[in-house]
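Visitor: Now for the letters of each chain:
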Amino acid sequence: MHREGADFSQPQMFIAETGWPSKSSDASNANNGFADASVENLQKFMDNFICQSNTNGTGYFYFEVSWYKRVLLLTVSNFNAHSTLMSRGRTRSLAVLKAGGVYSTPSMSCSPMSSHPRLILSQSNPQSRYYSRLSHIMSLFGLCFL
Amino acid sequence: MDSWKRIHAQVSSQTSWYLTKATVPILLSSYLNAAGASDPESAAGIAGAAILQKYITDTRTMISDMKLPKTIQVGTSDAGSYFNKEVLSSVDYGMANVHPWFANTTIDAAAGWTYEFFQNTNVALAQSLTNKVRIEQD
Numbered sequence: 000m001h002r003e004g005a006d007f008s009q010p011q012m013f014i015a016e017t018g019w020p021s022k023s024s025d026a027s028n029a030n031n032g033f034a035d036a037s038v039e040n041l042q043k044f045m046d047n048f049i050c051q052s053n054t055n056g057t058g059y060f061y062f063e064v065s066w067y068k069r070v071l072l073l074t075v076s077n078f079n080a081h082s083t084l085m086s087r088g089r090t091r092s093l094a095v096l097k098a099g100g101v102y103s104t105p106s107m108s109c110s111p112m113s114s115h116p117r118l119i120l121s122q123s124n125p126q127s128r129y130y131s132r133l134s135h136i137m138s139l140f141g142l143c144f145l
Numbered sequence: 002m003d004s005w006k007r008i009h010a011q012v013s014s015q016t017s018w019y020l021t022k023a024t025v026p027i028l029l030s031s032y033l034n035a036a037g038a039s040d041p042e043s044a045a046g047i048a049g050a051a052i053l054q055k056y057i058t059d060t061r062t063m064i065s066d067m068k069l070p071k072t073i074q075v076g077t078s079d080a081g082s083y084f085n086k087e088v089l090s091s092v093d094y095g096m097a098n099v100h101p102w103f104a105n106t107t108i109d110a111a112a113g114w115t116y117e118f119f120q121n122t123n124v125a126l127a128q129s130l131t132n133k134v135r136i137e138q139d
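Top to bottom, those sequences are chains A and B. The first sequence: position 81 = 80 (this note's numbering), numbered continuously. The second sequence: position 24 = 25 (this note's numbering), numbered continuously.
Keep in mind that a hint or two might mislead.
[Said to hold, decoys possible] Over the 12 angstroms line for every Cβ pair with chain A, so calculated as not near, a few chain B residues:
{"hint": "1", "residue": "Ala38"}
{"hint": "2", "residue": "Glu42"}
{"hint": "3", "residue": "Met67"}
{"hint": "4", "residue": "Leu69"}
[Stated by the list, open to error] Cβ-Cβ distance ranges computed for the label pairs, FRET-style:
{"hint": "5", "chain 1": "B", "residue 1": "Ala38", "chain 2": "A", "residue 2": "Phe33", "range": "42 to 48 angstroms"}
{"hint": "6", "chain 1": "A", "residue 1": "Thr54", "chain 2": "B", "residue 2": "Lys68", "range": "37 to 43 angstroms"}
{"hint": "7", "chain 1": "B", "residue 1": "Asp66", "chain 2": "A", "residue 2": "Gly32", "range": "49 to 55 angstroms"}
{"hint": "8", "chain 1": "B", "residue 1": "Ser43", "chain 2": "A", "residue 2": "Asp35", "range": "33 to 39 angstroms"}
{"hint": "9", "chain 1": "A", "residue 1": "Gly56", "chain 2": "B", "residue 2": "Pro70", "range": "28 to 34 angstroms"}
{"hint": "10", "chain 1": "B", "residue 1": "Thr62", "chain 2": "A", "residue 2": "Ser8", "range": "16 to 22 angstroms"}
{"hint": "11", "chain 1": "B", "residue 1": "Thr72", "chain 2": "A", "residue 2": "Asp35", "range": "44 to 50 angstroms"}
{"hint": "12", "chain 1": "B", "residue 1": "Asp66", "chain 2": "A", "residue 2": "Ala26", "range": "52 to 58 angstroms"}
{"hint": "13", "chain 1": "A", "residue 1": "Asn30", "chain 2": "B", "residue 2": "Pro70", "range": "48 to 54 angstroms"}
Hint data in this document are derived by calculation from the structure and do not stem from the laboratory. Built from N, CA and C at the ideal position, the CB exists for glycine as well.
This is chain A alone, in the form it adopts within the complex (with noise of 0.2 angstroms):
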C-alpha cells in the first residue's frame, strides 16, 4: 500500500563521473581550445580535484582497477579503503585505457578519503568509444569484465 511519507529531505549530490581525456583519437580533437588531451593533464587535474574535493567536501566516486584471472576488473566502487580490493592488497589506481586495453596508472596526490565515497576518474579519448563505454559500464553495472 502506498502512503505519503514525512517531508521528503532534500536529496544528497554527488559527482557521479569527471576526468580528463588522455589522449584523443583523432587531430582535431586534441585540444579543446585551452588545454591538450594528455596524460599529463589527467595527473594535474586528478591531482587537483581529489586533493580539492577531500578538503571541500564533495562527495565523488573512482573507477578501480584490478587483475583478476587474467581479467582487468573495473569497479566503480564507493566502500571504504579497508575493505575489499584495497585489503587485498591491490592498488586504487587510475586507469588509462588506450586502443588494445593497456592502461597506465600514474599516481595520485592526494588519496580518496574512507570518510566519503569515492570517484571516478574517467579517461581516455574524448571523441572515442572508450569514454562512452565507461559511462555505459557506469550506468549499466559498475562492475565489469573488460
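Given chain A, put chain B in place with the hints provided.
Guide: Same frame as chain A, but now just chain B:
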C-alpha cells in the same frame, strides 16, 4: 561492504542482498537528445522526467517488495546539465557527470570549474527542493 548497485529493469534476489542503494540509470539526457532539446525544464525535459519518475516509483516498489532488512535509497544519475527538479524531487540522491574538458577549460582551471559547476548547478538545485513529499511504500 556497501555496494551501490545500478539496476535497470530488475534486480535479482542474489544481488539484492548486497544492495544499499540503487540508481535508476534512465537518463533524462536521452529524452532531451532525442527531442533535440537541451533544457531539462523544457516540455521535452518534463515529458522525459515523467517517464523517469515512473521508473523511480517502480524501483521503489520493487525494492519494497523484496522486504530487505534495511532501507534502500534510490537515486538517479545524469549529465550535470540535465537534472530536472521534478526528478530530483523523487530521489534520495543524485549523481552528476561533470566534465571540464567539454566546457573548454584550461587544465589549471579544470578542477575548480568542476567544483563550481557542481555547486552552482547540481547542489544548488537540490538545495532548492524543500518540503517535497516522497511516496513510500509499506
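Visitor: What are the numbers of the hints the structure violates, in ascending order?
Guide: Hint 5 contradicted; others consistent.
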